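> Residues per chain are reported as follows:
4 protein chains.
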Amino acid sequence: MLKEHEIQIRVRYVEADPMGYLHHSNYFTYFEMGRTELFRASGGNYREIEEAGQFFVITKLECRFLAPARYDDELTLRTKISRATMAKLEHEYELRRGDTILTTAKSVLACVDSTGRVQRMPDSVVDAD
Amino acid sequence: MLKEHEIQIRVRYVEADPMGYLHHSNYFTYFEMGRTELFRASGGNYREIEEAGQFFVITKLECRFLAPARYDDELTLRTKISRATMAKLEHEYELRRGDTILTTAKSVLACVDSTGRVQRMPDSVVDAD
Amino acid sequence: MLKEHEIQIRVRYVEADPMGYLHHSNYFTYFEMGRTELFRASGGNYREIEEAGQFFVITKLECRFLAPARYDDELTLRTKISRATMAKLEHEYELRRGDTILTTAKSVLACVDSTGRVQRMPDSVVDAD
Amino acid sequence: MLKEHEIQIRVRYVEADPMGYLHHSNYFTYFEMGRTELFRASGGNYREIEEAGQFFVITKLECRFLAPARYDDELTLRTKISRATMAKLEHEYELRRGDTILTTAKSVLACVDSTGRVQRMPDSVVDAD
Chain R
0 MLKEHEIQIR
10 VRYVEADPMG
20 YLHHSNYFTY
30 FEMGRTELFR
40 ASGGNYREIE
50 EAGQFFVITK
60 LECRFLAPAR
70 YDDELTLRTK
80 ISRATMAKLE
90 HEYELRRGDT
100 ILTTAKSVLA
110 CVDSTGRVQR
120 MPDSVVDAD
Chain X
0 MLKEHEIQIR
10 VRYVEADPMG
20 YLHHSNYFTY
30 FEMGRTELFR
40 ASGGNYREIE
50 EAGQFFVITK
60 LECRFLAPAR
70 YDDELTLRTK
80 ISRATMAKLE
90 HEYELRRGDT
100 ILTTAKSVLA
110 CVDSTGRVQR
120 MPDSVVDAD
Chain L
0 MLKEHEIQIR
10 VRYVEADPMG
20 YLHHSNYFTY
30 FEMGRTELFR
40 ASGGNYREIE
50 EAGQFFVITK
60 LECRFLAPAR
70 YDDELTLRTK
80 ISRATMAKLE
90 HEYELRRGDT
100 ILTTAKSVLA
110 CVDSTGRVQR
120 MPDSVVDAD
Chain H
0 MLKEHEIQIR
10 VRYVEADPMG
20 YLHHSNYFTY
30 FEMGRTELFR
40 ASGGNYREIE
50 EAGQFFVITK
60 LECRFLAPAR
70 YDDELTLRTK
80 ISRATMAKLE
90 HEYELRRGDT
100 ILTTAKSVLA
110 CVDSTGRVQR
120 MPDSVVDAD
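Chains as they are written, first to last, in numbering that gives the first Met the number 0: chain R, 0 to 128; chain X, 0 to 128; chain L, 0 to 128; chain H, 0 to 128.
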């Protein structure tokens, strides 16, 4: 499993608020895209994990907003797995516009089944290394 | 089944765009709330319909935008069933701020099962009258 | 000005609803991206138009939903200018997954200033030809 | 200025994801509604503050997700000012369904002008007491 991955994201008009800034709730959507694409780049597919009856749920989020993004900005999101155990998966994020860091964030995910009961992480996510 | 119902909606900050206007995509979310509450006011419950394996899907939408809404505006949405058959359910919508009509819209819904196959509308939706 | 343009869009997790389908309100966000990128491909920049004090507002939308999209689907959106006058700009949209047409839609836009007063369309949008 | 306020929020269909859960990004929108309504209950009006050229921006968010919310759940959000200085405004949030606590969160806001420069908090927000 890759430990780190970068994607480009163009800020959509609908995502910007009356200040003209990317609304803070949308950063978490970007981080979710970062996780999906990091997993895809590692050969995994999150949709197939869900189809097999396992679901990742967020248990904790932390985010610092250092500088705003605006409509039509082209941003770079780096997503990194900082910790992976049987019980949880921790990611760190850094969102930049050019060399300017806009936000840094951390998330913790757990794995549940379709009834919401906690499961061990799928093997495709937790490396044996 | 009631044919008509009104709800009040306060425009959220996140729903307004860089112009300061309620973004056009969010009106369709308001119309969905209007359908949910019209159904509830008639004694039905859309979540229970889904739990019983039936789902309403939009097949057609039309909307005219006459005047903008802004963050924090308090709006009145009137939702009306204009036609209900075994095959489809048609609604009309009128969104106002005070006496000013902001949008008028129409939608057509069909009923499907969890695999997406078209079903007849539930009896609780189509009156026998 | 280009008359037609295609973009690829990956359906985000947050955009899918409890049915697992792309929620109908999000299609209008995709169409907005289609317009932005058609304009960029023609050498224009919508953000600069707004910075110059002109804003495009939707006055009419129509959409037919033929088949659903799901989380992680990769879709192709074709955006076409079907009519451009001093007063309004009409677009047509076709959203596909592979060869399957999912939605077809039309929109009408007007141009306003920052106070909401109707303006003539910018020259960069309406060709003199 | 009131220190604490509660509002009721009904989970919208569009806010629930393919798991059927309220998507984690939408909690931050609820917290924003909590701040708006706490301020209104204190006799203030956030839209008027923006019209006077001052804007509140989020600088830090933390959230713990303890149990999921679902479409059509009726939730209670308690919003509390935990600290108010000339430089920043800190809130704490608790979101419940009945007696079950779903999420707890904290945010830090700063005040900026329309160019993004940091300002002191408006007097209507920071009590002199």
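Since the hints were made in silico from the structure, they are not lab data.
Just to be clear, a hint being listed does not mean it is correct.
Where chains are identical, the list cannot tell them apart; a pair therefore holds if satisfied intra-copy or between any two copies.
[What the hints assert, rightly or not] Straight-line distance between alpha carbons at most 27 Å, and here's what the computed BS3-like set of lysine-lysine pairs gives: (1) Lys2 - Lys105; (2) Lys87 - Lys2; (3) Lys2 - Lys79; (4) Lys59 - Lys87; (5) Lys105 - Lys79; (6) Lys59 - Lys105.
This structure is a prediction, so every number in the text was calculated from the model and none was measured.
> Check Lys59 against Lys87 for me: Cα-Cα at most 27 Å, and say if that holds within a copy, between copies, both or neither.
both (11 Å within a copy, 23 Å between copies)
> Please work out whether the CA atoms of Lys105 and Lys79 approach to 27 Å or closer within one copy, between two copies, in both situations, or in neither?
both (9 Å within a copy, 24 Å between copies)
> Which holds for Lys2 with Lys105 at a C-alpha limit of 27 Å: within a copy, between copies, both or neither?
Only inside one copy: Lys2 and Lys105 sit 14 Å apart there, 29 Å across copies, limit 27 Å.
> First find the shortest C-alpha distance between Lys2 and Lys79 inside one copy, then the shortest across copies, and answer within, between, both or neither for a cut-off of 27 Å.
within (6 Å within a copy, 38 Å between copies)
> Within a copy, between copies, both or neither: which one fits Lys59 and Lys105 at a CA-CA cutoff of 27 Å?
Classified as both; 8 Å inside a copy, 12 Å across copies.
> Between Lys87 and Lys2, at a C-alpha cutoff of 27 Å, which is it: within one copy, between copies, both, or neither?
within (15 Å within a copy, 36 Å between copies)
The structure fails none of the hints (numbered hints given earlier).
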